[in-house]
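Colleague: From first to last, the protein sequence lines stand for chains A and B.
Residue numbers for the first sequence follow my numbering, beginning at 22 and rising by one.
Residue numbers for the second sequence follow my numbering, beginning at 2 and rising by one.
For the record, the hints were derived by calculation from the structure and aren't laboratory data.
Because the structure is a prediction, the values reported are computed rather than measured.
We treat Cβ as the ideally placed atom computed from N, Cα and C, and that holds for glycine.
Hints are supplied without guarantee of correctness; some may be wrong.
Chain A residues, not near chain B, derived (Cβ > 10 Å throughout) [said to hold, decoys possible]: (1) Leu-35; (2) Thr-43; (3) Leu-82; (4) Glu-109; (5) Ala-283; (6) Gly-324; (7) Asp-377.
Lysine to aspartate or glutamate pairs mimicking DMTMM-like chemistry, simulated, CA-CA at most 20 Å apart [unchecked claim]: (8) B:Lys-137 - B:Glu-69; (9) A:Lys-143 - A:Asp-104; (10) B:Lys-95 - A:Glu-446; (11) A:Lys-200 - A:Asp-377; (12) B:Lys-137 - A:Glu-452; (13) B:Lys-101 - B:Glu-77; (14) A:Lys-200 - B:Glu-109; (15) A:Lys-220 - A:Glu-199; (16) A:Lys-143 - A:Glu-304; (17) B:Lys-101 - A:Asp-202; (18) A:Lys-200 - B:Asp-70; (19) B:Lys-137 - B:Glu-123; (20) B:Lys-137 - A:Glu-304; (21) B:Lys-101 - A:Glu-452; (22) B:Lys-95 - A:Glu-449; (23) B:Lys-95 - B:Glu-123; (24) A:Lys-200 - B:Glu-72; (25) B:Lys-137 - B:Asp-70; (26) B:Lys-95 - B:Glu-109; (27) A:Lys-404 - A:Glu-304; (28) B:Lys-101 - A:Glu-304; (29) B:Lys-101 - A:Asp-302; (30) B:Lys-101 - B:Glu-72; (31) B:Lys-95 - A:Asp-202; (32) B:Lys-137 - A:Glu-109; (33) B:Lys-101 - B:Glu-69; (34) B:Lys-137 - A:Glu-141; (35) B:Lys-101 - A:Glu-141; (36) B:Lys-95 - A:Asp-377; (37) B:Lys-95 - A:Glu-304; (38) B:Lys-137 - A:Glu-449.
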Amino acid sequence: MTQRATMPMILALLVTTVGFATLIFVQEATSPPLVYGAYYCGVLFAIYLFVRLWLPHSDVLLLPIVTMLTGIGLVMIFRLTYDIENEENLAITQAVWILVGSGAMLFVVMFFRNYHRLFEYKYLLALGGLLFILLTFTPLGYEVHGARRWVDIGPVSFQPSEFGRLALIVFFAGYLAEKRDVMAATSRSFLGVQLPSLKYFGPVAVVWAFSLAILVFEKDLGSSLLFFAVPLLMLYVATGRTAYIILGGLLFSVGSLLAYLAFGHVQVRVRAWLDPWQDPDGEGFQIVQSLFNIADGGILGTGLGAGFSQTIPEVQTDFIFSTIASELGLLGATVVLLAFLIFVYRGIKISLLATDDASKLLAFGLTSMFALQTLIIVGGTTKAIPLTGMTLPFVSYGGSSVVGSFLLTALLLVVSEKAGRRIVEEQEYQERSF
Amino acid sequence: MLELQVPLLAAKALLLLLLFAFIYSVVSRSIGDLRRVPDETPERPQQRNGKVPHQRLASSGVPELVVEDSEIMASELRFPLNDGGSTSLGRSSKSDIVLKSDDYVSGEHARITRHGGLLYVEDAGSTNGTYVNGDKTVGATPLRPGDTVRVGSTTFRFVE
C-alpha cells in the first residue's frame, strides 16, 4: 500500500483538462472562469500530496480514482449546462461542492486518524443519524419530484440521508463487531440452513421497518433499498449465517410487493421499467431518452458536446451515466465503470487487511454502500432494474452526494492507514527476527 | 464540416486514450499489490532454513504449545506459555497467541491459566469452541503434557 500514484493522479487531472479544452475550443462553449479549474486541480493535487504525507501507509489509489470521477463529472455537468439559461453556473457550483467535500475529507483525515473513537459513540451517532434523517419531516423538509428527502436551512439545502447513512454504517460496524459472536451462534438448523436464536432477528426486523418507513414517508425508493441492504450485508459478513440473508430477502420481497400494491409512484417506476414504450412521451420518457442516448453513443461515442442528452430530464444528477455513454461511447462508459470497480476492490481489500472486526465491518459497509449505489443508478439508467432516483457517487451533480462520498473516502483512508501501518510494522518485526 | 470533424475526432481519441491510460496505470499498481499479500502466506521459517530445530515431544522445562497441525501456521512452531499469568489465544491481534486469518477462530477464543500446580485451558466464549483431546471443553480443563488443544483449524500439543 505504500506505492506512489502520482502518475494516475496526473492522468486524472489531464482527462479533466482535455475534456474542458474540447468543449471550449472544439464546441465553442463559453469558457467558465479558469480560476475555478485551477482551484479544482490545485486542491485535489494538494490533498493527494497531503494524504501521502499525513497517512503514508494509506491506500494511494482511492484519491486518483476520486479525482478522475469528479473530473469526468465536472466536464459532463459543464457540457450539459453551459448553454442552458439559469443553469450556466452549475459546473461552478459543483466545483465549489468538490472543494467543500475535500475540506470535509481533510477534516476527517486530520482529526479522526484514531477513528476507533467513533465506535465509542456509536449509539449517539446512530441516534444523531436518525434524527438527522427525520429532519425531512419537520417544516424544514421539502419534496422534490415526489420524494421528501431535502432539508432547507437558510443558505443551503441538502439531503440528510446522504450523511445519516454514513453515521448508521459506523454504528452497525461497532454494534456488529461487539455482537457478532452471539449473533452467529446457532442452535437449530432448518433445511440445511443454520438458524440463529430467534431474538437475534430483532435487529433485522428493526432495519427492515426503518427502511420501509423511509419508503412510505419519504417516498425515496433508492435510500430505502440502501438502508435495508447495507446493514444486511454487514450482518452476513459479520456472522457468516445465510439465514439472515434468506430472511432479509423474504422481508425485502414482501416489502417490495406491499410497496408496489400500495403506492402509485412505485407502480409507475415498475411500468416504465418493464415497457417504457407503452407511454414513451409520459411515464417512460426519461428511460426511453436515456436508451436513445446510450445507443447514439455507439462504441466510440459522439464526442464531447456532440450528443443530445439534454433531452433527458434530470440528466445532470440521476442520468449522468447516459451522457457519458452517449458522448464517450461504450469505451468511455466502460472506463467509468472500471474506475468504480477498482474503487470497490480497493475498499474490500482495505476491509480484508484491517486489523479488528469493527474496522473490517466499517470498510466493508462503506464499500458495499458505494457499490450498491452505483449499481442501482447505473442499472436504472440502462433499464436493467427499475429506476430509483439516486446520484452516481462523485460524478452526478449534487452537493450532499459529493460531500458524502468524500467523507466515505476519508473514512476508508483512515482505516487503510491503520491496516497499512500494521503490515509495515510486522514486516519490520519479521526482518529483525531473522 | 470537415474542419469541425477533425479536431473533434482528435479530441475524442485523446480523451479516450487518456482514460484508458488512467485505468492502465491504476490497474498495474493494484496488481502489483495483489501479488504481495503479506497476510496470507503461512510462516514456515524452519523449513526454509532446511532444518527442524526441535524434536517431537522434546521437553524444554517451560510449558509450551507446539503446533501439530494447522492451516495457518507451520507445524512445530512453539509458543511458550506465561507461567504465572494467563495466555490468551484468538484472532485478535491483542491475543498472546495470534491465530490470524483463521475464520473458525473468534477474536478472543480461549485462555490458558495456572491454578495451583496445573495449567487449565478455558474457552472464552468462542463461536466454535475449544477442544482438548478431541472433546469440546466446558469450563476450565486441566492440561497434561501430550494433550492436544484444538482452536479453529489449528491443533496444538501441550508440552512441559
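Colleague: All the hints need checking, so say for each whether the structure fits it.
Modeller: Outcome of the hint check:
1. Leu-35: Contrary to the label, A:Leu-35 does not stay out of reach of chain B, its closest Cβ about 6 Å off (not over 10 Å).
2. Thr-43: violated (4 Å)
3. Leu-82: violated (6 Å)
4. Glu-109: Per Cβ check, A:Glu-109 is outside 10 Å of chain B; nearest 22 Å; holds.
5. Ala-283: holds (41 Å)
6. Gly-324: The claim breaks: A:Gly-324 does not keep its Cβ more than 10 Å from every Cβ of chain B (closest is about 4 Å).
7. Asp-377: With a cut-off of 10 Å, A:Asp-377 comes too close to chain B, as the shortest Cβ separation is near 7 Å.
8. B:Lys-137 - B:Glu-69: With a Cα-Cα distance of about 18 Å, the restraint between B:Lys-137 and B:Glu-69 holds, given a limit of 20 Å.
9. A:Lys-143 - A:Asp-104: violated (47 Å)
10. B:Lys-95 - A:Glu-446: Roughly 15 Å separates the two Cα atoms, so the pair holds.
11. A:Lys-200 - A:Asp-377: Within the cut-off at roughly 14 Å; holds.
12. B:Lys-137 - A:Glu-452: violated (38 Å)
13. B:Lys-101 - B:Glu-77: With a Cα-Cα distance of about 17 Å, the restraint between B:Lys-101 and B:Glu-77 holds, given a limit of 20 Å.
14. A:Lys-200 - B:Glu-109: holds (13 Å)
15. A:Lys-220 - A:Glu-199: Holds. A:Lys-220 to A:Glu-199 sits at ~16 Å (cutoff 20 Å).
16. A:Lys-143 - A:Glu-304: violated (42 Å)
17. B:Lys-101 - A:Asp-202: Holds, at about 17 Å.
18. A:Lys-200 - B:Asp-70: violated (30 Å)
19. B:Lys-137 - B:Glu-123: With a Cα-Cα distance of about 10 Å, the restraint between B:Lys-137 and B:Glu-123 holds, given a limit of 20 Å.
20. B:Lys-137 - A:Glu-304: violated (63 Å)
21. B:Lys-101 - A:Glu-452: holds (19 Å)
22. B:Lys-95 - A:Glu-449: holds (18 Å)
23. B:Lys-95 - B:Glu-123: holds (17 Å)
24. A:Lys-200 - B:Glu-72: This hinted pair is violated, its Cα atoms lying about 27 Å apart.
25. B:Lys-137 - B:Asp-70: holds (18 Å)
26. B:Lys-95 - B:Glu-109: Answer holds: B:Lys-95 to B:Glu-109 is near 9 Å, not above 20 Å.
27. A:Lys-404 - A:Glu-304: holds (14 Å)
28. B:Lys-101 - A:Glu-304: violated (54 Å)
29. B:Lys-101 - A:Asp-302: violated (59 Å)
30. B:Lys-101 - B:Glu-72: Satisfied, since the Cα-Cα distance of roughly 11 Å is no more than 20 Å.
31. B:Lys-95 - A:Asp-202: holds (17 Å)
32. B:Lys-137 - A:Glu-109: This hinted pair is violated, its Cα atoms lying about 71 Å apart.
33. B:Lys-101 - B:Glu-69: holds (17 Å)
34. B:Lys-137 - A:Glu-141: With Cα atoms ~35 Å apart, B:Lys-137 and A:Glu-141 exceed 20 Å; violated.
35. B:Lys-101 - A:Glu-141: violated (25 Å)
36. B:Lys-95 - A:Asp-377: Holds. B:Lys-95 to A:Asp-377 sits at ~10 Å (cutoff 20 Å).
37. B:Lys-95 - A:Glu-304: Violated, because 58 Å separates the two Cα atoms, which is more than 20 Å.
38. B:Lys-137 - A:Glu-449: violated (38 Å)
Hint check: violations occur at hints 1, 2, 3, 6, 7, 9, 12, 16, 18, 20, 24, 28, 29, 32, 34, 35, 37, 38; the rest are consistent with the structure.
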